[in-house]
Structure formats: C-alpha cells, structure tokens
Amino acid sequence: MARAVTTQHKTIATAAAWIVALLIFFPILYTIITSFKSEQEAIQGFALIPSGTFESYSEVQQQSGYFKFFFNSVLLSVGSTILALLIAVPAAWSMAFSPTKRTKDILMWMLSTKMMPAVAVLFPIYLIFRDTGLLDSRIGLMVMLMLINLPIVVWMLYTYFREIPGEILEAARMDGASLWKEIIYVLTPMAVPGIASTMLLNIILAWNEAFWTIRLTTTNAAPLTAFISSFSSPQGLFWAKLSAASTLAIAPILIMGWFSQKQLVRGLTFGAVK
Amino acid sequence: MATQQTRSLARFMMAPSVILLFIWMIVPLAFTLWFSFLQYNPLNPIRDGFVGLSNYKLFYDNPAFFAAILNTLTIVVAVLLITIIGGILLALLLDQPIWGQGIVRILVISPFFVMPPVAALVWKNMIMHPQYGVFADIARFFGAQPIDWFGQHPLTAVIIIVAWQWLPFATLILLTSLQSLDGEQKEAAEMDGAGFLSRFIYLTLPHMSRAITVVILIQTIFLLSIYAEILVTTNGGPGYASTNLPFLVYQKALLEFKIGQASAGGVIAVILANIVAFFAMRAVGKNLDK
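Residue numbers (this note's numbering), protein chains in the order written: chain A, 1 to 274; chain B, 1 to 290.
It is possible that some hints are incorrect.
What the hints assert, rightly or not - If you anchor each label on the Cβ, the simulated ranges turn out as follows:
(1) A/I184 with B/N44: 34 to 40 angstroms
(2) A/P189 with B/D137: 52 to 58 angstroms
(3) A/G52 with B/P45: 18 to 24 angstroms
(4) B/R47 with A/I82: 42 to 48 angstroms
(5) B/A30 with A/K262: 51 to 57 angstroms
(6) B/S209 with A/A15: 27 to 33 angstroms
(7) A/F26 with B/S54: 37 to 43 angstroms
(8) B/E187 with A/K262: 50 to 56 angstroms
What the hints assert, rightly or not - Simulated coverage check for chain B against chain A, where a stretch passes if three residues somewhere in it have a Cβ under 8 angstroms from a Cβ of chain A:
(9) 56-64
(10) 182-196
Unchecked claim - The list that follows gives simulated cross-link-like pairs (lysine to aspartate or glutamate, EDC-like), each with its CA atoms no further than 20 angstroms apart:
(11) A/K10 with B/D148
(12) A/K262 with A/D105
(13) A/K114 with A/D131
(14) B/K57 with B/E256
(15) A/K104 with A/E41
(16) A/K262 with B/D95
(17) A/K10 with B/D95
(18) B/K186 with B/D95
(19) A/K114 with A/D136
(20) A/K10 with B/E190
No wet-lab data here; the hints were simulated from the structure.
All of these numbers come straight from a predicted model, not from anything done at the bench.
Note that the Cβ used here is the ideal one computed from N, Cα and C, for glycine as well.
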C-alpha cells in the first residue's frame with residue numbers, strides 16, 4: 001500500500017517537474033529547432049519539427065564570419081581567466097594560510113568593487129581606452145574582463161584553499177620545504193580541483209559578459225555578445241539565421257555550464273551555500 | 001606561527017590583486033566625479049567648463065530621471081519576487097523523488113548560461129513578437145488578440161526576460177540549500193504529525209533563509225545594472241517606459257554626448273548601488289564567520 005502511494009507520488013512529481021522544466025527550457029529548445037528551419041518556415045507559425053536544413057548555419061558563417069567572433073570569445077574568456085588566476089592564486093593563498101586581522105576586510109573590499117555599476121565609469125574607461133589605443137583591442141578587453149572578475153576569482157579560490165588542512169603545510173615546513181616548494185609540490189596538487197572549478201565558472205562569466213564587450217569593441221576584438229547584439233538592428237525577419245547564430249553562441253557555454261552546477265552555487269554565493 | 005618572512009611574502013603575494021583592484025576602483029570613479037561637475041560635450045566643446053552642481057540639477061529635473069529610478073527599482077523588486085517565490089516552489093518540486101532528475105536539473109538551469117543578448121533576442125523575436133511569436137500563436141489559437149509586448153508593456157516584457165534568466169540561479173541555490181536539510185529532522189517532524197505546510201514554515205523556510213538572503217543580495221547587484229536586455233529589446237522605449245538608470249546614463253554619454261550629465265547620473269547610480277552594497281556586505285560578512 002505504502003509502496004503504491006510512493007510510486008503514485010513519484011509519477012505526479014515527475015510529470016510536474018518535467019512539464020515545468022520543459023517550459024523553462026522551451027525558448028532555448030525552440031531556438032535550436034528554428035535554426036534548422038529555412039527562413040520561410042521560421043515565420044510560418046508554430047512548428048516543432050524543422051525541415052532539417054543546415055542552410056542558416058552556413059549562411060551565418062559566410063555573411064558575418066561567425067568564427068572570428070567565436071575565436072575572440074574563446075580568447076577573451078580563457079585569456080582573462082588565466083590572467084585573473086595568475087594574479088589571484090597568490091593572493092588567495094596568502095589570505096587562506098597567513099590570515100591577518102585585515103584579511104576579512106580586504107576580501108570584503110574586493111567584493112565591493114564588484115558592486116560598482118559599470119555604466120558609472122563607462123565614459124572614463126572609454127576615454128582611457130581611446131587615448132591609449134586599446135579601443136577594440138583584445139588585450140584591453142582581456143584586462144577589463146580580468147578586473148571585473150578578479151574579486152570573484154579571489155573569493156572562490158579563498159573558499160577552496162581554506163578547506164585545505166593547514167597541518168599538511170606545517171608538516172612540509174617541518175621537513176624543510178621552502179615556501180615556493182611548499183606551493184608547487186604540496187599546495188598545488190591539492191588546490192587543482194578548486195582552481196579548475198574557479199576557472200570553469202569564470203570562463204562562463206567572461207563569455208557572457210555583455211556590457212564592456214559590446215561597448216568597447218567594433219570589429220577586431222568583438223566577441224559573440226557583440227556579434228549577437230548586431231542582430232538587434234532591424235534588418236527584416238531572418239529568424240532561422242538569428243537562431244543558428246544564437247545556438248552557436250550559447251552551445252559551448254551551455255555544455256560547460258551543465259558540468260559546473262555545483263561550483264556555480266559555491267562560487268556565486270562566496271561559499272555561503274554549498 | 002608565521003615568521004616575519006612569511007608575513008612579508010604574504011603581503012607581497014597579495015599586492016598585485018589589491019593594487020590592481022584599487023586602481024580599477026579609484027581612477028575611473030575619480031574621473032566620473034570630476035566630469036560630473038563639468039559641462040563637457042566632445043561634439044560641441046565651446047561651452048565646456050566647470051559648472052558646479054548644475055549637472056545634478058539637470059539630471060534631477062529631467063523627467064526621465066524619476067522614470068529611470070522607478071524602472072530600476074521595479075525591475076529589481078519584480079524579478080526578485082518572481083525568482084524567489086518561483087525558485088522556492090521549483091526547489092520544493094525538484095527535491096521530490098523524480099525520474100530523470102539529472103536531466104530536469106540541466107533543463108532548468110540552462111537559461112542562466114545564455115548570454116543576455118541572445119536571451120533578449122530570442123524572447124523578442126521568437127516568443128514575444130506580436131505577429132510571429134509563440135505567444136501570438138497561442139493567443140490566436142484561443143481566438144484572442146496577440147499582445148504587442150514591447151509596444152504596450154515594455155517594462156513587463158523586460159521583467160519577464162530577466163526573470164527567465166535568473167529563476168534558474170535562484171532555483172539552483174535554493175535547491176542546494178534544501179538538499180542539505182537534515183533528513184532525520186524532516187522525518188521526525190513528519191512523525192510528530194506536522195503537515196506539509198507547518199513543516200515548510202517552521203523547518204524548511206528557516207533552513208533556507210540564509211540561501212534566500214544570498215540569492216537576494218547577489219541578484220540585486222546584477223539586477224541594478226541590467227543593460228543588454230534593454231538595449232536589444234526596447235531600447236529604453238517607448239519614451240522612457242523601459243529606461244533604467246544604467247540605460248539612461250548610457251544614452252546621455254554615448255548617444256547625446258552630454259558627458260557631464262551622464263557622469264552625474266553615474267555618481268547617483270554608484271550611491272544607489274552603495275546603499276544596497278552596504279546591506280549586502282553585512283549579510284555576506286556574517287556568513288563568512290561560520
């Protein structure tokens with residue numbers, strides 16, 4: 001009897017969960033479906049079965065050179081993340097293992113820089129970029145993205161590093177390991193999972209950053225966010241193409257995101273929810 | 001204990017992050033503050049010069065200003081309400097034993113990974129388009145008049161899109177918190193005859209309170225500076241109906257080239273964000289001590 005109730009309960013819960021999940025996922029699903037339609041089909045009304053043409057994909061590449069933007073997105077997100085890690089790992093390490101009274105304040109202050117609305121400093125940054133020739137350059141944007149995400153990177157690394165038992169470091173120190181050896185041989189292997197998670201989340205954040213990447217680029221350094229925004233200007237109804245471009249823009253990060261759910265919670269809540 | 005050497009090394013290792021972030025925080029902000037006291041128009045520099053507080057007055061007298069403040073707060077509050085309430089309900093549902101939970105989670109979390117311009121364009125064209133959108137198809141199916149979302153309810157449309165992007169985030173965090181709830185406690189409450197509602201109010205909700213706080217704080221930071229979604233869909237219009245503070249500042253600076261006024265708006269945006277940040281910091285700081 002009890003068993004039957006459980007199964008019934010599970011069936012209802014399953015049905016409800018799937019319906020809600022599919023509704024939430026629908027806009028993405030429909031974009032993917034539409035990307036395999038012809039332009040004609042795309043505006044003919046609601047239809048879930050596309051004719052399965054790849055026309056739009058090849059047109060997106062031919063007309064606007066999708067891969068240039070894709071390449072920029074990869075370069076900017078990965079580049080800015082590596083840059084951020086290089087600067088943040090030492091800082092997070094020292095905060096986690098030699099904390100002082102001010103460590104907490106410094107962490108808080110770092111986080112507070114994240115709360116400054118980007119738009120408030122848009123024009124000064126624009127001027128600085130223009131006068132130093134960094135406008136529409138990959139290096140400039142890479143540094144920009146690094147600065148934006150640096151606080152989160154430091155925080156995430158800090159919460160991971162803090163969980164590494166200090167006794168192991170003590171032991172290594174007793175054995176006469178120098179500080180650099182300690183970092184390379186003891187700390188790094190234990191910290192790699194945390195660093196990898198941080199990297200994953202930060203690449204996602206950088207990939208989707210859609211203020212500076214749109215405002216500080218024109219053609220050379222423009223990543224996918226800028227590419228997609230260019231579709232917002234009225235140019236007729238090219239929905240199959242728009243869908244193909246959108247699918248290409250979100251697919252890599254969507255797949256990465258699926259693997260980083262746990263880290264996402266931890267990273268974005270600064271370790272407060274695990 | 002840390003030796004003098006380790007301590008100075010620690011300081012040395014922290015220096016690059018601290019110095020970079022300090023420059024990043026201070027230099028542009030100082031410029032903005034300075035510009036906010038200037039008449040500064042790159043296209044028409046003849047009358048440029050120091051004007052004191054008049055930019056703030058101009059910004060304040062602009063009817064768009066209050067519309068923008070109101071819209072900014074409306075977006076934040078509406079999206080928070082939708083995502084927190086929706087997120088709690090969804091988390092409760094996903095916490096049930098269900099078949100294919102892994103896939104369901106993946107489907108639910110997906111919108112969070114969609115870059116803002118894509119989310120906005122997909123909703124604008126394929127879902128909410130008054131003629132060819134899915135909503136219009138549904139309306140016609142029921143014999144109703146399709147709604148012109150971006151013409152008649154621009155702010156609601158923006159709120160729906162942003163809520164769709166953030167609901168997954170709230171759900172994921174609330175679900176994580178829910179799953180860390182002690183099973184024995186739940187069972188004990190059940191045995192004592194506590195119904196679903198009282199279990200929810202006296203056990204589940206208090207347990208989730210910290211996660212809810214965190215969701216509110218983090219979303220608020222991002223929601224205060226919604227930009228791409230508005231740029232792509234309504235462009236702030238019609239009129240100022242869907243202009244928020246960041247978008248107004250952007251318009252003043254890069255479309256009208258009124259740098260002084262834009263900077264004054266920027267300073268106001270910083271003050272607004274700081275008020276929120278003050279509360280955010282305290283709450284996150286408390287959680288740090290645990």
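Hints, one by one, checked against the model:
1. Checked against the hint of 34 to 40 angstroms, the C-beta distance between A/I184 and B/N44 comes to roughly 59 angstroms, which is inconsistent with it.
2. Distance hint check: the CB atoms of A/P189 and B/D137 are about 56 angstroms apart, consistent with the given range 52 to 58 angstroms.
3. Between A/G52 and B/P45 the CB atoms are about 58 angstroms apart, so this pair departs from the stated range of 18 to 24 angstroms.
4. One distance hint, 42 to 48 angstroms for the beta-carbon pair B/R47 and A/I82, holds here, with the actual separation near 47 angstroms.
5. Hint check: B/A30 to A/K262, Cβ distance near 40 angstroms, so the stated range 51 to 57 angstroms is violated.
6. For B/S209 and A/A15, the hinted distance range of 27 to 33 angstroms is satisfied, since their beta carbons lie about 30 angstroms from each other.
7. With their beta carbons about 50 angstroms apart, A/F26 and B/S54 fall outside the hinted range of 37 to 43 angstroms.
8. Taken as a hint, the range 50 to 56 angstroms is violated for the pair B/E187 and A/K262, whose Cβ atoms sit roughly 26 angstroms apart.
9. Under the rule that three or more residues need a Cβ within less than 8 angstroms of chain A, the assignment of the segment 56-64 of chain B is violated, with 0 such residues.
10. Counting residues of the segment 182-196 of chain B whose CB lies closer than 8 angstroms to any CB of chain A gives 0, which falls below the minimum of 3, so the coverage claim is violated.
11. Straight-line distance between C-alpha atoms of A/K10 and B/D148 comes to about 40 angstroms, which puts the hinted pair past the 20 angstroms bound.
12. The straight-line distance between the Cα atoms of A/K262 and A/D105 is roughly 27 angstroms, outside the 20 angstroms bound, and the hint therefore fails.
13. This hinted pair does not check out: A/K114 and A/D131 have alpha carbons roughly 25 angstroms apart, beyond 20 angstroms.
14. For the given pair, B/K57 sits about 17 angstroms from B/E256 by alpha-carbon distance, which is consistent with the 20 angstroms threshold.
15. Using a Cα cut-off of 20 angstroms, the hinted pair A/K104 and A/E41 is violated, with the two alpha carbons roughly 58 angstroms apart.
16. Distance check on the hinted pair: A/K262 and B/D95 sit about 15 angstroms apart at the alpha-carbon level, within 20 angstroms; holds.
17. For the proposed pair A/K10 and B/D95, the alpha carbon gap of about 11 angstroms is at most 20 angstroms, so the pair holds.
18. Under the criterion of a C-alpha separation no larger than 20 angstroms, the hint pairing B/K186 with B/D95 is consistent with the structure, at around 13 angstroms.
19. Under the criterion of a C-alpha separation no larger than 20 angstroms, the hint pairing A/K114 with A/D136 is inconsistent with the structure, at around 23 angstroms.
20. For the hint linking A/K10 to B/E190, the alpha-carbon distance of about 18 angstroms falls within 20 angstroms, and the restraint holds.
In this structure, the earlier hints numbered 1, 3, 5, 7, 8, 9, 10, 11, 12, 13, 15, 19 are contradicted, and the remaining ones agree with it.
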